[in-house]
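> Spelled out from the first residue to the last, the chains are:
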Amino acid sequence: MNWRDYERPRSISEALNLLEQAEGRGRVIAGGTDLVLQLRQKRYQADLLVDITGIEALQHIEEREGWIQIGAAVTHAEVAHHDLIGNEARALARGCSQVGSPQIRQMATLVGNIISAQPAADGAIPLMALEAEIQVAAIAGERWLPLPDAYRGLGLSTVDAKAEIATAVRFKKLGEHGLTGFFRLARRKALALPTLNGAVALCRDASGCRLQRARISLGPVAEHPFRPQQAEVYLESHDISWEVILEAARIASEEANPRTSLLRGSEEYRKAMIRLYLSRTLGEMLAIP
Amino acid sequence: MIKLKKIKMTLNGRQCEVETAPDRILLDLLREDLGLTGTKKGCEQGECGACTVIMDGQAVLACLIPAAKAEGADIVTVEGLAAEGQLHPLQEAFWSEGAVQCGYCTPGMLLSAKALLDADPAPDVGQIRQAIAGNLCRCTGYTKIISAIQVAAEKIGHE
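Residue numbers (the working numbering), protein chains in the order written: chain A, 2 to 290; chain B, 46 to 204.
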């Protein structure tokens with residue numbers, strides 16, 4: 002059997018109690034689009050599945066004191082179509098709108114995209130550039146974790162789905178000088194893992210000539226969504242121009258250091274695509290003619 | 046002794062109660078427990094869309110949904126399209142436009158299209174393509190499927 006029991010608790014504490022009673026033989030399920038396959042393939046084992054999608058406290062997308070917070074039961078489709086996300090973090094709306102297929106987006110959750118811990122997860126990539134945090138609930142209490150700390154290795158989350166529940170993700174609003182961008186390159190337009198994806202979050206300074214903050218994320222170039230921090234620092238320390246953008250993109254491609262892969266493409270191609278897509282996205286965002 | 050799970054749902058407009066294994070997948074519940082073989086088993090990995098059904102108004106993949114998740118849900122399968130022996134406009138259009146070859150992708154296509162037209166009665170071609178982006182067809186090349194959906198939208202719009 003792939004599991005013996007399936008429960009849909011109505012509250013976070015009920016869910017945590019179910020997991021505790023299962024003594025390590027229970028597991029959290031949200032949309033299930035990754036987990037059902039993993040259980041079928043015996044990659045994970047569970048006697049009890051605790052379905053958190055019926056918990057009302059996990060179904061929000063809202064602004065809370067300058068942060069935008071999204072609950073763990075919220076699907077990619079909901080994020081993609083929500084006005085608040087479209088206005089404040091368009092890169093996230095775009096990333097979520099390109100996960101899998103329409104049917105998968107109706108079932109799969111944004112927080113689940115983080116927990117599955119894939120390097121080019123289209124929801125997690127923009128969240129990385131937005132410097133998001135995830136909230137993790139356990140019997141002992143709740144904590145907020147910076148997104149990079151949610152990754153333990155390829156496909157491995159630091160959140161223990163047998164005992165803990167990731168309940169929300171949040172990121173700070175970028176403000177009026179903020180801009181976001183997202184790009185994706187894949188063999189097909191749907192149902193295809195990306196050859197390359199990335200997101201950019203920028204804050205211009207008051208003069209408009211410099212970037213007060215530049216954050217870039219790239220995938221799949223490492224075990225988890227990757228931030229080319231040297232490229233970010235370079236962008237922040239030079240006046241904006243095409244030359245600076247091109248150089249930043251070159252630095253990012255070297256930092257990311259993608260290696261030749263039968264699945265994703267050759268090293269040369271992937272580096273060239275990082276330079277192309279990143280510079281194009283930065284150019285469009287900053288309206289450099 | 047396996048503890049069976051009772052699942053109550055609305056299926057094609059009727060109340061339905063089924064007792065099944067707790068790890069039953071919705072696709073198998075429909076095809077095996079309920080004998081509704083219209084929903085097809087393609088890849089069983091969420092990558093082909095042949096198993097598409099409508100759950101609470103949204104097109105979803107039955108091969109990835111634990112049947113227990115359907116508790117209290119409103120499910121529509123391809124068998125629920127024709128009412129009182131009258132084909133749904135989408136079914137008529139797929140037939141008149143020649144959008145069916147082997148027929149294996151068709152139930153999933155019909156339901157993805159229905160979910161689209163229920164939400165947006167006048168989609169443009171781009172929106173139609175997006176709506177069926179999760180349904181693979183190896184026979185038709187998609188053009189007649191897209192025409193059929195346009196024809197059906199037009200017909201429904203005039204009703």
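No lab work stands behind these hints: they were computed from the structure.
Just so you know, not all the hints are guaranteed correct.
Stated by the list, open to error - Here are the simulated lysine to aspartate or glutamate pairs, EDC-like style, with alpha carbons at most 16 Å apart: (1) A:LYS163 x A:GLU24; (2) B:LYS189 x B:ASP119; (3) B:LYS48 x A:ASP6; (4) B:LYS200 x B:ASP165; (5) B:LYS48 x B:GLU64; (6) B:LYS50 x A:GLU8; (7) B:LYS50 x A:ASP48; (8) B:LYS53 x B:GLU92; (9) B:LYS53 x B:GLU142; (10) A:LYS174 x A:ASP6; (11) B:LYS50 x A:GLU89; (12) A:LYS174 x A:GLU224; (13) B:LYS50 x B:ASP73; (14) B:LYS200 x B:GLU137; (15) B:LYS48 x A:GLU8; (16) A:LYS163 x A:GLU255; (17) B:LYS48 x A:ASP84; (18) A:LYS174 x A:ASP48; (19) A:LYS190 x B:GLU92; (20) A:LYS173 x A:GLU66; (21) B:LYS51 x A:GLU21; (22) A:LYS163 x A:GLU21; (23) B:LYS51 x A:ASP6; (24) A:LYS43 x B:GLU89; (25) B:LYS53 x A:GLU8.
> Name the hints, by number, that the structure is in violation of.
2, 8, 9, 10, 11, 12, 16, 17, 18, 21
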